[in-house]
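Student: Next come the chains, spelled out residue by residue.
Number of protein chains: 4
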Amino acid sequence: MQKSVPQPTGYAFVDDYRRVRELTLSLTAGFSEEDMMLQSMPEASPVKWHLAHTTWFFENFLLQRFFTGYRCFSTAYNYLFNSYYDAVGKRTPRHQRGLLSRPSLSEVLAYRDHVDNAMVHLLEDADTRIARLTCVGLHHEMQHQELILTDLKHALFQNPYAFTSIATTSLPPQPPLKPATFIEVAGGIARIGSSDKENFSYDCEQPSHRVLLNDFAIASAPVSNGEWLQFMDDGGYQKSELWLSDGWSHCVAEHWSAPLYWQKQEDHWQQMTLQGFITVDPQAPVCHISFYEADAFARWAGRRLPTEFEWERVAAAEPVAGNFLENGHWHPVAGHNKRTFRQIYGDVWEWTNSSFLPYPGFKAEQGALAEYNGKFMMNQMVLRGGSCVTPVHQMRASYRNFFYPHQRWQFSGLRLAG
Amino acid sequence: MQKSVPQPTGYAFVDDYRRVRELTLSLTAGFSEEDMMLQSMPEASPVKWHLAHTTWFFENFLLQRFFTGYRCFSTAYNYLFNSYYDAVGKRTPRHQRGLLSRPSLSEVLAYRDHVDNAMVHLLEDADTRIARLTCVGLHHEMQHQELILTDLKHALFQNPYAFTSIATTSLPPQPPLKPATFIEVAGGIARIGSSDKENFSYDCEQPSHRVLLNDFAIASAPVSNGEWLQFMDDGGYQKSELWLSDGWSHCVAEHWSAPLYWQKQEDHWQQMTLQGFITVDPQAPVCHISFYEADAFARWAGRRLPTEFEWERVAAAEPVAGNFLENGHWHPVAGHNKRTFRQIYGDVWEWTNSSFLPYPGFKAEQGALAEYNGKFMMNQMVLRGGSCVTPVHQMRASYRNFFYPHQRWQFSGLRLAG
Amino acid sequence: MQKSVPQPTGYAFVDDYRRVRELTLSLTAGFSEEDMMLQSMPEASPVKWHLAHTTWFFENFLLQRFFTGYRCFSTAYNYLFNSYYDAVGKRTPRHQRGLLSRPSLSEVLAYRDHVDNAMVHLLEDADTRIARLTCVGLHHEMQHQELILTDLKHALFQNPYAFTSIATTSLPPQPPLKPATFIEVAGGIARIGSSDKENFSYDCEQPSHRVLLNDFAIASAPVSNGEWLQFMDDGGYQKSELWLSDGWSHCVAEHWSAPLYWQKQEDHWQQMTLQGFITVDPQAPVCHISFYEADAFARWAGRRLPTEFEWERVAAAEPVAGNFLENGHWHPVAGHNKRTFRQIYGDVWEWTNSSFLPYPGFKAEQGALAEYNGKFMMNQMVLRGGSCVTPVHQMRASYRNFFYPHQRWQFSGLRLAG
Amino acid sequence: MQKSVPQPTGYAFVDDYRRVRELTLSLTAGFSEEDMMLQSMPEASPVKWHLAHTTWFFENFLLQRFFTGYRCFSTAYNYLFNSYYDAVGKRTPRHQRGLLSRPSLSEVLAYRDHVDNAMVHLLEDADTRIARLTCVGLHHEMQHQELILTDLKHALFQNPYAFTSIATTSLPPQPPLKPATFIEVAGGIARIGSSDKENFSYDCEQPSHRVLLNDFAIASAPVSNGEWLQFMDDGGYQKSELWLSDGWSHCVAEHWSAPLYWQKQEDHWQQMTLQGFITVDPQAPVCHISFYEADAFARWAGRRLPTEFEWERVAAAEPVAGNFLENGHWHPVAGHNKRTFRQIYGDVWEWTNSSFLPYPGFKAEQGALAEYNGKFMMNQMVLRGGSCVTPVHQMRASYRNFFYPHQRWQFSGLRLAG
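Residue numbers (my numbering), protein chains in the order written: chain A, 85 to 502; chain B, 85 to 502; chain C, 85 to 502; chain D, 85 to 502.
Calculated directly from the structure, the hints in this document are not laboratory data.
Warning: the hint list may mix true and false statements.
Repeated chains share a single entry, so a pair holds when one copy, or any two copies, can fit it.
[Claimed, not checked] Subject to a maximum C-alpha distance of 25 Å in a straight line, what follows is the list of computed SDA-like cross-link-like pairs (lysine to any residue):
| no. | residue 1 | residue 2 |
| --- | --- | --- |
| 1 | Lys262 | Lys447 |
| 2 | Lys447 | Val295 |
| 3 | Lys447 | Ala171 |
| 4 | Lys323 | Arg103 |
| 5 | Lys262 | Arg492 |
| 6 | Lys174 | Gly360 |
| 7 | Lys323 | Ala251 |
| 8 | Lys447 | Phe393 |
| 9 | Lys323 | Tyr168 |
| 10 | Lys422 | Pro263 |
This is chain A alone, in the form it adopts within the complex (with noise of 0.2 Å):
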C-alpha cells in the first residue's frame, strides 16, 4: 500500500532533510493564503504558522548556534514562531496565531528558504551533535505535517462554503471484511520503550524499561463505524451509566451525539473528509472520538481500552505499514484480511487507557528542548499506532502521542481490549 521508504536513523542528512522540507510543502498545494491563516480554535494553528514555525525550529535550535556568522532572517520571527519554550522567550499568545496577516505567506516561504540554503550548507560538513538535533528538527516537522492537514480539517468545517477534496489519492475500493475477533495474548514481563541510540526517538519514550503484564485479550482490527452506529443506535451517547464522570459533563455540556465531522442527512449519516463529504463507511475504523467516548464505548461493549503497554507489546511485532499520510488518502480505509492483526499501525490513533506519565529513569532533553514533551505530562492520555495522516517515517512500536481526553480533532479511534 505504501511506498517504500529508507528507514528513520537518529541521524539526518542532507538528502533527509530536503525530502521532509519539500514534503510539507507540498500538503499545501490546494491552500490559498487565506486559508493558510486559519485558526478555528486555540489548539489548532494556522498553515502558515505551521510552516513558519517548523522553520523556525531549525533557525533557532541549529543555525543559531552552530553556523557561525548565519544571519537570522528576522529577529521577530523568534517572538512570532516560538511555540511554547519558555527558555527561548515570550512568543505570540496561541490563541493568537490567526491574527498574523504579517509576515505573508510569501515571506514565509522566503523565510523556509533561507533557512533551508543554511541547513543544506551546515549539513554538509555536520558532526553527529548537529546531526542528532536535525534529526529531532525533521521528527517535529513530520509531527507538524500531521496537524496542517487535522487543523485545517477543522478550521475549513467551520465554514464549509466551498469545501471539496484535498487529499491527493481518491479512496481505494473496499472489500469485505472478516469481523474482528479477539486475540490472546500471554502476559510477563515486556520490554517497553526506547534506548535505541541508532534509531530516533523521543525522550518520553526512553528509557526502555520491563512492565508486568497479566494475560490479556486484545482486538484484531480497531472498532469500525458500524459498530459505532450500534453503540448510538443503542442510547450510548444518553446512558451516563456508560462515561466517566469528566466524560459525562462535556457529553452534555458539548451535544455530543456522534462523531466530530459526522452530520445527519435525513436517513443516513455524512462526514466531512478531507477526500470531501462522504457516506460513513461502516467498515472503515471509527475516527474523530475523544477518550471519553471511546472509554464509554468499550464499557457499553463489555471490554476496555488497552493500557499503552499491552498495545506496545502487541504492536512491537508487526511491521511498520499501513495507511499513512504519504498514501494520500488522508482519511482511515477499511483494510484488508492479510494479517492476524488488522491496522495496528495507520489510519487512526488508538487512544490506550494510559495517561501520559514520564518512564522509570526518564530523563528530559537538556536544554530548551526539555520543554518539548515533559511539560505536558499532566492530563493527557497516550494514543498509539499512527494515522491516516501521520508520515510514515515518524511511526514506531514505542511511539507515544498525547492528547487531552475531551479532544477530538484528531484522527483518533480505538481498539478494543479486556
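Guided by the hints, dock chains B, C and D onto chain A, whose structure is given.
Tutor: Leaving out everything else, chains B, C and D in the frame of chain A:
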C-alpha cells in the same frame, strides 16, 4: 480643509452609487488578502467581510426585490454575509467572520462587480422607492467604510509586526492653539432630529421634535491629549470616586491606565495610529476612550458630558466641515482657531450623556430594515459629530451614533459641558 | 386598604426611628437562622446581612460622626457590612455575603440593640443635620425592608423544600375588574422631580425641573397575567422581531418562556409567591418580568412603555395608596374599580423606557453618600410606583427605582403607553 | 500517639455503627447552625449536608432495600441528599448545597436518629450482605468525617472574622528532628492492592496484583515547611521551567506564591489551621499544596514524586499509626525520630505521580455503588497515607485517595523519591 463635495440628499442615483462604491475599494489599497481576513474580536469584522456584506445589502434589499430576472451571484452568500437581520434568515456567527477563507478576496471582488453592474442597470431607470433604498444602502456602505479602517486598526494592533502607515495623507503641521473656553448657550425649546424627507436620515433620528433645554455651557473644543495627560498624572485611573460603578469594574478588570493604543516609551507616550506609531500630540483631541473614561474625566474636571440635545443645539448652527475620512489623515489633528467652536464635526466622535433611546413618535423602518437601528436601543450611549474616519457625506447635525459604554476601539473622544 | 400613616418628612426623630427599625425585625418573624444566611446570587443578600448593613449605616454615618464617646460594637463590622461605599473602605466581596456565618444572628441582633440605644440617645437632642441624616438612614432601611422579602423569595425558590406562606395576611377576594383602557393625557411642560426640602427625596430625584411632553395615552391599569398569557400563547417568547437585540440574547441564553417563579402544572400555570404556591390569577398584574420582556410585550401589543416623565405626570395627581408592604399580602392583587387609574402605586414596580440618568443640574450628596445613587447612573432602567413589598412611607410620585434590564427578581411589572 | 483501636474488618455490626456515627457528630461540637450551612465552593459541602448525606447513604442503600416496612423519614431527602449517584436519580445541584436552609439542622439530626434507630434494629439480625454494606457505609462516613473538617476549614477561611481554634487537642511540643534521608529500596515484583475479603477495601484497590518495580530511593520523611520556604526563597513559584505546563497556567492565573492558608505577616509566615492562626513550623510537613506544586518542588529538588506502587511497597511494611483525626490536633505535626520512615501514615496525604486508573482486572461494585469510584478514574492523581483529619480506621497501605492536580484544600503534602 476638506474638498468641496455635493450635498447628500435622500435619493441616490448612478453617480452617487459609483462614487461611494469606489471609495470603499480605494480604502483597501494598502492591504493584503491576509490583512483583509483579520478579525480581532467579535465586535470587529474582517475587511473582506465588510466588502461582501455591503454588497449583500444591495443584492438582498434591492436587486432580489426590484430587478426582474436578477441572477444571484451565489445563494450561499445570503448566509455568509448577512450581519444581523433575523427577518432575512440565519447567518455566519458574528465571532466566526474571520474564518471565511472562502470565498476568496477575488471572488468577493467579482461579487462586487456583479452587483455593481446590476445596480447601475437598475438605477438607470429607478423610481423613488429604489432611489430611496439605494440611498440607505450607500449610507450603510459609508458606515462600513468607517468600520473598515476602525476594525483593521484594532486587528493590526494585535500584531504590530511590519505595521507602517496606511493613511493616504501625512499629518499636517500643528500650529499653536488657543485654549478651549466654555461658551454659554441659552436654554429654551430646541428642535431636535430630522423629518426632512429630501435629505437622508435614519429612522432613529426621526421624527423631528421639540426638547426643552436649560441654559448650559459647552466647551469650544474637544478635550485634548494634554488635558488627558493631566488627568492621568492626577491618578484619574486610580480614583474610584471619579467613576461610575460599572465603569470602575471595567477599569480594574481590564487594567485601563491610558487610552487604547497608547504605549509608554520610557518617559513619553506613543500611540499606534493609521499613520504608524507617533508621539502623542498634546494639542490633538484625545481618542479611543470609552464612555466610562470620558465620564470619569468630566467628573475630575468638575464638569459633565453634554446631552445629545445640547450637542445638537450647538452643532445645528455649525457647518459640516472638518477632518473627515476624505482628508486621508485617519487620525485626529489639532484643529485651528478660525471659529468659536472647534472640531464639532470630524476628528473624534463625542460621547454624550444620553442613552440611545427612541425619540417621541419613533417608528422603525418597515420590513427587515426595521432591525437597522431600533433593536439596538438599549445599553448604548449616543456619540455625535463624526470622526477622522467618517465619510463627510454621512454627517449631519442630527446623526446619532451609538456604542456600549465600555467600548474603546472607535475613534471616540469627548467635549465637556456643565 | 392600607392603614393610615403619618406622612413622611425630610427629618426623622425617635418615634420614626423606632417604628422603622421595629418593622424591619417584624418581617423576619417566620425565618430561621439558617434561612437568614441564604444568598442565592450576587445581586441578592442574606437577611442577616440586611439586618446588619442597615445598622452599620447608622453607626457609620451618624454615631461615629456625631455621638461623642460612642463605642463601636465591633470594628470588624465596618468591613463586614459596608455595601459599596469605596470612600468608607474595603468590604466583604458582594458574592460572599452568604459566607458570613460569623457573626451569628444573635450577635447581629445585639448589634442592632447597641446601635438603637445609642441612636435613641442621639436623637433625643438632635439638630437638623442629624435629623436629616437619620431620615436618609430610615429611607435606606425601608429599601432594605423591601429587599429582605425580595431576596429571600429568590433564595427559597432555589430550594422549595418545606416552603410555605410567609406573608402575614392572606390574599383578599378578587372581584371582577373592568378591562384597562387608554387614557389620553395632554402634553406640555411638566414639572418633574423634587426640590422640596421639607419632604424627603433622594439626590437622584433632584432638582425639580421642567420637561416638555407630547400628548400621550397611558393605560388605566398595569398589564395583567391574563394579558401576559395571551402574549405567551401567541409565541411572544419565540419571536425575535418583538425583542431588543440584547433582550433576545438573554431570552435565548436563559430559556425564558414565562415570568420568573411561574411553573407549568399540567394544564395551568402556578407561581411561587410569599403566600406559597398559588394558581396564576389572570386579573392580577403580571410580576417578576425583566425590562426586556416588558418591552417585547409592549411591541407585541402595538404599544410602548411610558417614559418616567409621562408616568410622573400622571402619578403626581394620584394619592399614594395601594397594596404596599404594610398590607402584609406581599403579592400583587387584582385591584378594584374605584378610580380612573388603577394601581399606579403599589402592587408592582412599573418599568419605564427611561434610562437612569442624572436630571439637569443634578448634584450628588456630599461625602460618602455621594455613592448612594450617582455612581449607578449607567445601564439601568427606571421603575416607578412601588410594589406590594415596598413600605408605603418610601413612596412618592418622584421616586426613581432602577435595575438592569435583564433583572427579574424584583416585583416588577409594566403599564402600557403609546 | 493514637489510642488503641480495634482493627477494621470488612463487616460492620452495631458497635461499629454506633462508634462511627457518634464520632461524626462529635466533630461538630464547636459549630453553630450557621457555620454548618457554609459552602465556599462547589467542591466543598456544608457540614449539615455531610450529616444528612451520610445518613441518606444508609437509608437508601440499606434500609430501603433490606428493612421490611421501613418508613422513609422524608421522600424529599432522596433528592436533597444524593451526592452523585445517577442510578439513584436526580439531586440538588452540587454548587447549591449551601442553599439548603431547609431542612433545618435539628431536622437533620432527627433524621440521623430515625435512621440510626432503624439501622441498629437491622444490624441486630444482620446477614453478611447487610454487614458488608454497612461496612461500606461506615467507611463512606469516615471519608465524610474528614471532609467535614476539610471543607469547613476552607469555608471559615473565607471569613476569618471570629475564627478561633476548633481542634480538640492542642499541638504537642515539637522536638528537634533529624533531617530526612533517602532510603534505598530494592526493586522487583511487588504485590499491590487488596483482595482480602475479610478486611475492608474499596473496589478501586482491587484486585491485588503484581507490579514490577525498579530499584528506587524514597525519603524518610515528608517535605517540611522549612524545605518549602527554601523553594519559595529560591523563586520556585516564579520559574516556569520547574512546572508542568498545565500547572504553570494555574500558578499564574491564581497567583500562587505559597501554600493555601499561608499569609505573610511582615517578616514571617502564618497559616490558618484548625488550631487557629499559627506561625509556620519549619519542622512540620508542608500541607495544602496542589499536585502541581508538589511536582515543581520535586523538580527543583532534583528528585521526583514516587509512584503509588513505590509508596505502597514501602508502606506495607509500616504500622498504620500516626497523627490521625482521633488525635484531635487536626493539623500536621513535626513527628518524631523513632522509626526509619517518618509519618508514612497520617499528618498529610502524599501526592504520588500515579494517575487514578483501574488496576488490571478491576471490577466496579454492582448496582448504584458502581459509581462510587469507577467513574472518577480520569484526570485525578493518587494520594496515599491519610492525614491528620483522616480517621485511623479508614487507613491501610492499599488505600487510594484521588484529587485533581490543581486542588489544594485537602491536607495534602509530599514525600520525595528518585
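Student: Now look at each hint and say whether the structure bears it out.
Tutor: Outcome of the hint check:
1. Taking the shortest alpha-carbon separations for Lys262 and Lys447, neither the intra-copy value of 44 Å nor the inter-copy value of 31 Å comes in at or below 25 Å.
2. In this assembly of identical chains, the alpha carbons of Lys447 and Val295 lie at most 25 Å apart whether taken from the same copy (18 Å) or from different copies (22 Å).
3. Taking identical chains as interchangeable, the C-alpha atoms of Lys447 and Ala171 lie at most 25 Å apart only when both belong to the same chain, with a minimum of 17 Å there against 45 Å between chains.
4. For the identical chains of this complex, Lys323 and Arg103 are neighbours neither inside a copy (49 Å) nor across copies (39 Å), given an alpha-carbon limit of 25 Å.
5. For the homomeric pair Lys262 and Arg492, neither the shortest alpha-carbon distance inside one copy (28 Å) nor that between copies (52 Å) is at most 25 Å.
6. In this homomeric assembly, Lys174 and Gly360 come within 25 Å of each other (Cα to Cα) only across copies, at 24 Å, whereas the closest approach inside a single copy is 39 Å.
7. With identical chains, the CA atoms of Lys323 and Ala251 are never at most 25 Å apart, being 37 Å at best within one copy and 44 Å at best between copies.
8. With identical chains, the CA atoms of Lys447 and Phe393 are at most 25 Å apart both within one copy (19 Å) and between copies (20 Å).
9. Taking the closest pair of Cα atoms, Lys323 and Tyr168 come within 25 Å of each other only across two copies (15 Å); inside a single copy the shortest separation is 39 Å, beyond that limit.
10. In this assembly of identical chains, the alpha carbons of Lys422 and Pro263 lie at most 25 Å apart only when taken from the same copy (13 Å versus 63 Å across copies).
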